[in-house]
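S.K.: Input sequences plus hints: build the corresponding full structure.
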Amino acid sequence: MTKIAVVPGSFDPVTFGHLDIIKRGASVFDEIHVVVLNNSSKKPLFSIEERMDLIREVTAKLPNVRVDSFSGLLVEYAKSVNAHAIVRGLRAVSDFEYEMQITSMNRVLDDNIETFFIMTNNQYSFLSSSIVKEVAKYGGDISELVPKPVETALKMKFGFE
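The sequence shown runs 973 to 1133 under the working numbering.
All the pointers check out, no bait thrown in.
No farther apart than 35 Å at their CA atoms in a straight line, the calculated lysine-lysine pairs in the DSBU-like style are these:
| hint | residue 1 | residue 2 |
| --- | --- | --- |
| 1 | 1105 | 1127 |
| 2 | 995 | 1127 |
| 3 | 1129 | 1105 |
| 4 | 1109 | 1120 |
| 5 | 975 | 995 |
| 6 | 1033 | 1120 |
| 7 | 1105 | 995 |
| 8 | 1105 | 1014 |
| 9 | 1051 | 995 |
| 10 | 1015 | 1033 |
| 11 | 975 | 1033 |
| 12 | 1051 | 1033 |
| 13 | 1015 | 1051 |
| 14 | 1015 | 1129 |
| 15 | 1129 | 1109 |
| 16 | 1033 | 995 |
| 17 | 1015 | 975 |
| 18 | 1105 | 1033 |
| 19 | 995 | 1129 |
| 20 | 1015 | 995 |
| 21 | 995 | 1120 |
| 22 | 1014 | 995 |
| 23 | 1109 | 1033 |
| 24 | 995 | 1109 |
| 25 | 1014 | 1109 |
| 26 | 1051 | 1014 |
| 27 | 1014 | 1033 |
| 28 | 1120 | 1051 |
| 29 | 1109 | 1127 |
| 30 | 1105 | 1120 |
| 31 | 975 | 1014 |
| 32 | 1015 | 1120 |
| 33 | 1051 | 1105 |
| 34 | 1051 | 975 |
| 35 | 1014 | 1127 |
| 36 | 975 | 1120 |
| 37 | 1109 | 1015 |
| 38 | 1015 | 1127 |
| 39 | 1014 | 1129 |
| 40 | 1014 | 1120 |
By construction, these hints were calculated from the structure, which means they are not laboratory data.
M.R.: Okay, here's the thing in structure tokens:
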């Protein structure tokens, strides 16, 4: 049986922290679906297609990673690709409470889908897409925070290239 997992997020944009979780998940599961979720409460900088393209580009060397998008309940997407696991990254204790609520609700919706938490690498524990966008907006150096294609895309969005 193929072990399939879903790594959900808004990925606006994908950072080295996200990539760390994706790579580590890909080393454990046979197939990883990185799913760009449409979060109606956020106003994204990048379109869903742009985010998917950036993720595809930075995960191109990971043969077991698929990139997709979804609007709706994550457990429904997971069932549609025969995934039995959701992989979530945790940066700090502050993430845990929120993630626990989501995980508990997902278990109510489908108790056959397990959630696995991966602690982020310490060097990325402060990192978020929001922080990256804020620094990029003012022309700050983000080369240590995001892959080169993402850095280029951010510079273009903010008129620095």
